[in-house]
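Asker: Each chain, letter by letter, is given below.
Number of protein chains: 2
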Amino acid sequence: MTAASASPLRLGIAGLGTVGIGVVKIVQRHADLIAARSGRPVVITAVSARDRTKNRDADLSNYAWEVDPVALAARDDVDVFVELMGGHEGAAKDATEAALAAGKDVVTANKALLAHHGQALAEMAEAVGHVIRFEAAVAGGIPVIKALTEGLAGNQIRRVMGVMNGTCNYILTRMETAGLPYDTVFEEARQLGYLEADPNLDVGGIDAGHKLSILAAIAFGTKVRFDDVVLEGIGRISIDDIRRAGDMGYKIKLLGVAQMTGRGLEQRMTPCLVPASSPLGQLQGGTNMVVLEGDSVGQIVLRGAGAGEGPTASAVMGDVLDLARGLRLPTFGQPATTLVTPVAAVTSAPAAYYLRLQLMDKPGALAKVATVLGDAGVSISRMRQYGHADTSAPVLIVTHKTTRDAIDLAIAAFPATHVVEGEPVAIRIEEV
Amino acid sequence: MTAASASPLRLGIAGLGTVGIGVVKIVQRHADLIAARSGRPVVITAVSARDRTKNRDADLSNYAWEVDPVALAARDDVDVFVELMGGHEGAAKDATEAALAAGKDVVTANKALLAHHGQALAEMAEAVGHVIRFEAAVAGGIPVIKALTEGLAGNQIRRVMGVMNGTCNYILTRMETAGLPYDTVFEEARQLGYLEADPNLDVGGIDAGHKLSILAAIAFGTKVRFDDVVLEGIGRISIDDIRRAGDMGYKIKLLGVAQMTGRGLEQRMTPCLVPASSPLGQLQGGTNMVVLEGDSVGQIVLRGAGAGEGPTASAVMGDVLDLARGLRLPTFGQPATTLVTPVAAVTSAPAAYYLRLQLMDKPGALAKVATVLGDAGVSISRMRQYGHADTSAPVLIVTHKTTRDAIDLAIAAFPATHVVEGEPVAIRIEEV
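Protein sequences, first through last, are from chains A and B. Going by the numbering used here, the letters in the first sequence line up with residues 12 to 443, in that order. Going by the numbering used here, the letters in the second sequence line up with residues 12 to 443, in that order.
This is chain A alone, in the form it adopts within the complex:
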């Protein structure tokens, strides 16, 4: 039996935005390549989107059209329901459930859906012997779900890290290179169309937090717990901090970190300092990077486009080809019913911290700050005081490894010294 004569795998695509059209283009352009690689043709039988009259950059005339994605999901001539609508409630969820109920496999790029309902959907899929695939939901074109679930399956995972929101990394990089304040670059990004309709999904770290929670479930065999992700966006990062951190040899990144500790599962999506010379530190602009650490493999770094038509469609098609080739795994790498409910770590692992404070020009001021830090159990690794023409001067401190609690204790004690102006800034330095 040749590839062309084998039974085709039939896709129904819901959502014809950038990514949906990207998938249509690949299926059309690479029909022969895909058939050669998967041993059978992959075809689109039906599509669905809200507005049929919209001008789209692909010929859809050979596909059945469904206004209702739930109807698409249940069609007899669809084997795989490809969900590219987005949103964690409403149509995307309804249609995904309908597809599973109708005995279809599902491929989705929807990180919000999985972050909020991944466990229930995975259980539903496995109860009916079907699978949900979601390579496109995390880090766009980077095949990180596959690397973590399959390639590193022989490892106990130690830590997963990532810069997984290209817009945030673009903003931070642009602030640094152009010397512009956050608000200006935020507005630029909005005008360039880089921001979600609700920009807090990007700059508040929510989108990246969704991705992190999915990676954590696979890495640690736990149920997805997006609500346990400690989220802090980039809105409070100043151009000053970017510059000062640079002076000390660091870059500021919105960095996701998930690790299993003695205190439970730690999931953070927060601004962090990383060494400027590290792969994460060198990451510029909208590119994504994921770092996977396993007990045998050591550190694996994956880098690529985290969004955009081609990269995201590439990830969707990777999943589709897996299904066409008969490669099927439980959603999170092991049966959903075997995933354990993790205890959320309430404190983060010890780390060095970057502290910036505005020190008044008074005798003994620095000694007072040092005493407060010492009393809180924080020891100083490096310190830099800047020249000043004013009555106060910025002081930068890189601490030795300590706890966030100790840092917060010190910050709470600064006002009583009467030598620190305003609110000190403390940013974790992640060892990468």
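Calculated directly from the structure, the hints in this document are not laboratory data. Wrong hints could be hidden among the right ones.
All copies of an identical chain are treated as equivalent in the list; a pair is satisfied when it fits inside any one copy or across any two copies.
Said to hold, decoys possible - Below, in silico cross-link-like pairs of lysine to any residue (SDA-like), each with a Cα-Cα straight-line distance of 20 Å or less:
#, residue 1, residue 2
1, 104, 212
2, 36, 167
3, 412, 170
4, 234, 50
5, 234, 43
6, 379, 367
7, 412, 381
8, 234, 47
9, 36, 169
10, 379, 423
11, 104, 61
12, 36, 310
13, 412, 386
14, 36, 306
15, 234, 353
16, 234, 44
17, 412, 437
18, 36, 304
19, 234, 352
20, 36, 309
Let chain A serve as the given structure and place chain B on it in line with the hints.
Answerer: Frame of chain A; chain B shown alone:
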């Protein structure tokens, strides 16, 4: 049925060096994790190595011992033959063939075997409905075979690049950072045990060339053609060139490049200049990096340890878990009988070149060199002449994009100018 009660996948491991023992340790340490992830236990039933009396860092007492790997490969209680002996002839080949003939799947870390006999072995495996897996053969712990074969399966691959011999990258990095000549660092590497018994496998580019030929077959759907790889080792790289290239903003790497061109399949494993600020340029020491470029996904960069017990065993176990989970693909991603025989490109794609020549201190010398280059069709992008106390001075030239033929034409014409001393050095600048 629980994971523990499902039928176990039984491994027979041939070769108990660093990697073999690494695999034994993972199977023993992570029995529960592996069973949870693959839905069934993975066990070792038998092992084989030349010397049974050798002291090894693992308890092998529960495994049957075979002196002859061919006998191991045919045992009834072995489902997967794990070949970790190395070498492309003799025992490794005989035992792999025996395993396939006996109806076993094969997992191997043997790049030489696949580079020389991959096509025949893949055809043999597919004729009996079995598979050969070899993630560990290329770039150690980096799951690059999986990323290319599966994750990027929806892409037409444009180019594959990689620094895939850690020893060479260690030598080049060490020359640069310590300012030591090649011979000294080569000797250091030998004493540190970084070099193969035949060091030409490393520094001659053969080992890395094996890996490149395997990636090219998957990327372009072609038969493995190691003999078509243009090989040039690092033995002629001088500390001078490393420094001068650095002055111009480049690093020198032993870089593998495979791309399908209008002139045929180009496979090169040669020293190249890459921008110091690129991921490849920033790669230090023994770490490996592979760059995959697809028409949809753009550029994906994968980085990690290319050798060593843990990373290589991690890759072997990734393959083993795939088999335990029932994930089975043809060896090179599509049936071996459908792989086409590529035409080897006899010339490399146009590129900029770095030229270093020793120019005599004579009136009009530089003009003569520029004329020769111009006559050969090579135009100059940047030029730097160094101060000198001697009768000649080094001149560095970065050309605009040109062909290797044009460069060779110019080099052949330099002697007639009587202003160039010695042999000019020309190194390709790869656009990364």
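Asker: Take the hints in turn and mark each one as holding or not.
Answerer: Against the structure, the hints come out as follows:
Taking CA atoms no more than 20 Å apart as the test, residue 104 paired with residue 212 passes inside one copy only; the shortest distance there is 19 Å, against 55 Å between copies. For the homomeric pair residue 36 and residue 167, the shortest alpha-carbon distance between copies (13 Å) is at most 20 Å, but the shortest distance inside one copy (39 Å) is not. Proximity of residue 412 to residue 170 under the C-alpha cut-off of 20 Å is restricted to the intra-copy arrangement: shortest distance 18 Å within a copy versus 43 Å between copies. In this assembly of identical chains, the alpha carbons of residue 234 and residue 50 lie at most 20 Å apart only when taken from different copies (18 Å versus 35 Å within one copy).
Taking CA atoms no more than 20 Å apart as the test, residue 234 paired with residue 43 passes between copies only; the shortest distance there is 18 Å, against 39 Å inside one copy. Taking the shortest alpha-carbon separations for residue 379 and residue 367, only the intra-copy value of 15 Å comes in at or below 20 Å, while the best inter-copy value is 59 Å. For the identical chains of this complex, residue 412 and residue 381 are intra-copy neighbours only, at 16 Å inside a copy versus 58 Å across copies, given an alpha-carbon limit of 20 Å. In the homo-oligomer, the alpha carbons of residue 234 and residue 47 lie at most 20 Å apart only across protomers (14 Å), although the nearest pairing inside one protomer, at 37 Å, exceeds that limit.
When the C-alpha separation of residue 36 and residue 169 is checked against a cutoff of 20 Å, the pair qualifies only between copies, where the shortest distance is 17 Å, while the shortest distance within a copy is 39 Å. Only within a single protomer do residue 379 and residue 423 lie at most 20 Å apart by alpha-carbon distance; the minimum there is 14 Å, versus 73 Å between protomers. For a Cα distance limit of 20 Å, the shortest separation of residue 104 from residue 61 inside one copy, 16 Å, qualifies, whereas the shortest one across copies, 58 Å, does not. Proximity of residue 36 and residue 310 under a CA criterion of 20 Å is satisfied inter-copy only: 19 Å between copies versus 35 Å inside one chain copy.
Taking identical chains as interchangeable, the C-alpha atoms of residue 412 and residue 386 lie at most 20 Å apart only when both belong to the same chain, with a minimum of 15 Å there against 63 Å between chains. Only between protomers do residue 36 and residue 306 lie at most 20 Å apart by alpha-carbon distance; the minimum there is 12 Å, versus 40 Å within a single protomer. Taking identical chains as interchangeable, the C-alpha atoms of residue 234 and residue 353 lie at most 20 Å apart only when both belong to the same chain, with a minimum of 7 Å there against 48 Å between chains. Taking the closest pair of Cα atoms, residue 234 and residue 44 come within 20 Å of each other only across two copies (16 Å); inside a single copy the shortest separation is 37 Å, beyond that limit.
Proximity of residue 412 to residue 437 under the C-alpha cut-off of 20 Å is restricted to the intra-copy arrangement: shortest distance 13 Å within a copy versus 49 Å between copies. Taking the shortest alpha-carbon separations for residue 36 and residue 304, only the inter-copy value of 18 Å comes in at or below 20 Å, while the best intra-copy value is 35 Å. In this assembly of identical chains, residue 234 and residue 352 lie within 20 Å of each other by CA distance solely inside one copy; the values are 5 Å within and 48 Å between copies. Taking the shortest alpha-carbon separations for residue 36 and residue 309, only the inter-copy value of 15 Å comes in at or below 20 Å, while the best intra-copy value is 38 Å.
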